[in-house]
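Chemist: Spelled out, the chains give:
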Amino acid sequence: MPGKSFFIDTTLCMACRGCQVACKQWHDLPAEKTVNRGTYQNPADLSFVTYKLVRFEEVVVEGKLKWLFFPDQCRHCLEPPCQMTADDPKAIFTDAATGAVLYTANTKNMDAKAVVDSCPYDIPRPSKDGTVAKCDMCIDRVENGLLPACVKTCPTGAMNFGNRKEILAMAKKRLAVVKKTNRKAKLLDPDDIRVIFLVAEDPKLYHKFAVASSTAFDISRAVALKRLFRPLTRLTDRL
Amino acid sequence: MKITRRGFIQISGATAAGLAVSGLGFDLSPVRSHAQMLKTKYAKETTTICPYCAVGCGAIVHTSKKGDGRVINIEGDPGHVINRGTLCSKGAALSGLSENENRLLQPMYRAPYAKEWTPMSWNQALAKIAERVKKTRDATFTKKNGKGQVVNRTTDIASVGSAALDNEECWIYQALMRALGLVYIEHQARI
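Protein chains in written order, with numbering that gives the first Met the number 0: chain A, 0 to 238; chain B, 0 to 190.
Any given hint could turn out to be false.
Here are the computed lysine to aspartate or glutamate pairs in the DMTMM-like style, where the Cα-Cα straight-line distance is at most 20 Å [to be verified]: (1) B/K38 - A/E142; (2) B/K38 - A/D27; (3) B/K65 - B/E98; (4) A/K32 - B/E168.
By construction, these hints were calculated from the structure, which means they are not laboratory data.
Please model the complete structure; the sequences and the hints are all you need to start from.
Modeler: In structure tokens form, the structure reads like this:
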């Protein structure tokens, strides 16, 4: 499988949120007005202007308090359900060189709710005018030989980026090391997505959508039909 | 093949279009909504040190070469020995120090019991600070303590230095404060 991938080692993440801020900074996204909700997770959720968010969870596992950090972002699926739902390469398409799943301003013309609901990881967020936005893998940086802003800034090495093959090898190597001290360690959906998380506890404890929710992967009837007729609609587009 | 001027323009036009599209690494038909040129491509690069904590990470500041020279981007300096290109959330937000609509551009003054802050010139502000420091110091300076020991101090003025001060600035600052007889000299660099 060519293209690029991320490896996010949550066991190294110290939740400094450098990635979250670097993402905002590079994309010139505005700050959000927030209130103190008793957690460092801030803002509360991803939004049209927040593509990257470090999620904080305090859980008790086997009588011990664990503070779990999950730097959430678009997984850039190998077969993106959002792209299938949109079924309009002018709105959502996959970049051939990197595998980045990219949204354009044309997402405005689609059913935003359908696109958001199709995501197994609950990532895309619509604006008021219906345009949908999410992580773009810093495609401008990557095409120019730079690392994505979040990976470049990460002080602990939790965020990694590179050619998919090398990233997969890195993830498996690191998993073997972490497994020695933590039997619950695992990689999340490594064969389906380009953003591979390594977690040390049950992934559901980190975030409800840390792994693909099975219900979301059930393709709706409308999407299935669109998929079936796709070659035909592409052909008519060209005529 | 003989190429007329019109033919040449047509060919070069087609080549340019082909180049423009091939750079996208994507099918010819869809149109990308955003340009793939780095926003820092034509920017001037200057190195700096993050002013926040004592780690002293290096950063690169990208400023516009044309017009107002404002900050376009600030990110970690990969060549810097301390941080090797990385920055924490505070460092990653450095550009917000200068490019910020909430940034104060001149001293603000709130008169006693007033609710509103009003802008004030630097000359006015410095004169006012000097006047009040002198007044308080003259009124509270003690040469000897209760035991008759020489102390030459005032305990009615305290100083809180900024974490954005560097080592040398801190030295000059504390030298001034000690000369005035202050004993409460504080600095906020332990975040």
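Chemist: Of the hints given before, which are not true for this structure?
Modeler: Number 4 - this is the single hint that the structure violates.
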